[in-house]
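Residue numbers (numbering that gives the first Met the number 0), protein chains in the order written: chain A, 0 to 142; chain B, 0 to 142.
Rather than coming from a laboratory, the hints here were simulated on the basis of the structure.
There may be inaccurate statements among the hints.
Identical chains share a label here; the pair holds if one copy fits it or two copies do between them.
Only pairs whose alpha carbons sit at most 25 Å apart, straight line, appear in this in silico DMTMM-like list of lysine to aspartate or glutamate [as the list claims (entries may be wrong)]:
| id | residue 1 | residue 2 |
| --- | --- | --- |
| 1 | K59 | E76 |
| 2 | K133 | E16 |
| 3 | K59 | D134 |
| 4 | K59 | E121 |
Being a predicted model, the structure only gives us computed values, none of them experimental.
There are 2 protein chains.
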Amino acid sequence: MQVMKAPGRTMDAEAVEWLDAVNWQADGLVPAIAQDAVTGRVLTLAWMNREALLQTERTKEVHYWSRSRRALWRKGEQSGHVQRVREIRLDCDNDAILLVVEQTGGIACHTGRRRCFFQRLEDGAWQTVEPVLKDPKAIYGKE
Amino acid sequence: MQVMKAPGRTMDAEAVEWLDAVNWQADGLVPAIAQDAVTGRVLTLAWMNREALLQTERTKEVHYWSRSRRALWRKGEQSGHVQRVREIRLDCDNDAILLVVEQTGGIACHTGRRRCFFQRLEDGAWQTVEPVLKDPKAIYGKE
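Please put together the full structure from these sequences, using the hints given.
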C-alpha cells in the first residue's frame with residue numbers, strides 16, 4: 000500500500016504508511032512476540048492493534064491490546080515491568096510482529112516469572128520449569 | 000481439565016489430557032513461535048491445531064496448520080527445511096506455544112532467508128535487513 004510522500008505531511012500521516020503495511024486480522028489485531036534483547040529468551044506473546052504499535056514506536060515502550068480488558072495496555076503500567084523496545088520487526092507475510100526488548104526487572108510474566116513460557120511438555124504433561132521470582136501480590140498489591 | 004489415568008489407556012487418550020490444557024481459539028488454532036535452539040533467533044510465527052501439535056509431539060518434527068491452504072503442514076515437507084523440536088512450551092494463559100527447534104539448512108522462511116522476521120522498522124519504514132540465502136526457485140522448483 001503506497002501513501003504519497005509530500006513535504007510537511009504530519010506525523011500521523013507518516014505513521015499510516017508503515018502501519019498500513021501490516022496485515023491486520025479481521026479483528027484489527029496481530030500477534031506480537033517479545034524477545035529479551037540481552038538473554039534472547041522469548042518472553043511473551045501478546046496482541047497489538049494499530050494504536051498499540053504506533054504508541055510502541057513513538058514512546059519506545061511496548062504497548063499491547065488487552066483482549067480480555069479490551070483496552071490499550073502499556074506493558075508494566077501496573078507492575079513497573081516496562082519493556083523498552085530496541086527493534087520492531089515484521090515477518091514475511093506482514094502478519095506477525097517481533098519486538099526485541101529490554102525487560103525491566105527481569106520479569107515479564109504476571110505470575111512473577113521471568114517469562115510467560117514457563118510450562119514445558121514432558122512425558123505427556125505440562126511441567127512448570129521456571130520459578131516465581133517475585134510474588135504477584137508484591138508486584139500488584141500496591142496498585 | 001482432568002482425564003482419569005488408568006493403566007493400559009491408549010496413546011490417543013494420553014494425548015487428550017495435555018492437548019485439552021491448551022486454550023484453543025474459537026477457530027481451533029493457537030499461535031506457535033519457532034525459536035532456533037542454537038542461535039536463539041526467533042524464526043517464525045505460525046499456527047497449530049490439535050492435530051498439528053499432537054503430530055509435532057509424536058514425530059518430533061514441527062507440524063503447523065496452514066490457514067491459507069487449510070491443511071496440516073509438516074514444516075519442510077517441500078523445502079526440506081524441517082524443524083526438529085527440542086522443547087514444546089506453553090505460556091501462562093495456555094494460549095500460545097513456543098517451539099525450540101533445530102532448523103535444518105539454516106533457512107526457515109519460504110523467501111529463502113534464515114527466518115521470517117527479516118523486516119525491521121527504521122525511520123518509519125520497513126527495511127529488509129537479512130539476505131536471501133537460497134533462491135526460492137531452487138528450494139521449491141523441483142517440487
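For each hint, the structure was consulted:
{"no.": "1", "hint": "K59 to E76", "verdict": "within (14 Å within a copy, 39 Å between copies)"}
{"no.": "2", "hint": "K133 to E16", "verdict": "neither (41 Å within a copy, 30 Å between copies)"}
{"no.": "3", "hint": "K59 to D134", "verdict": "neither (27 Å within a copy, 35 Å between copies)"}
{"no.": "4", "hint": "K59 to E121", "verdict": "between (37 Å within a copy, 13 Å between copies)"}
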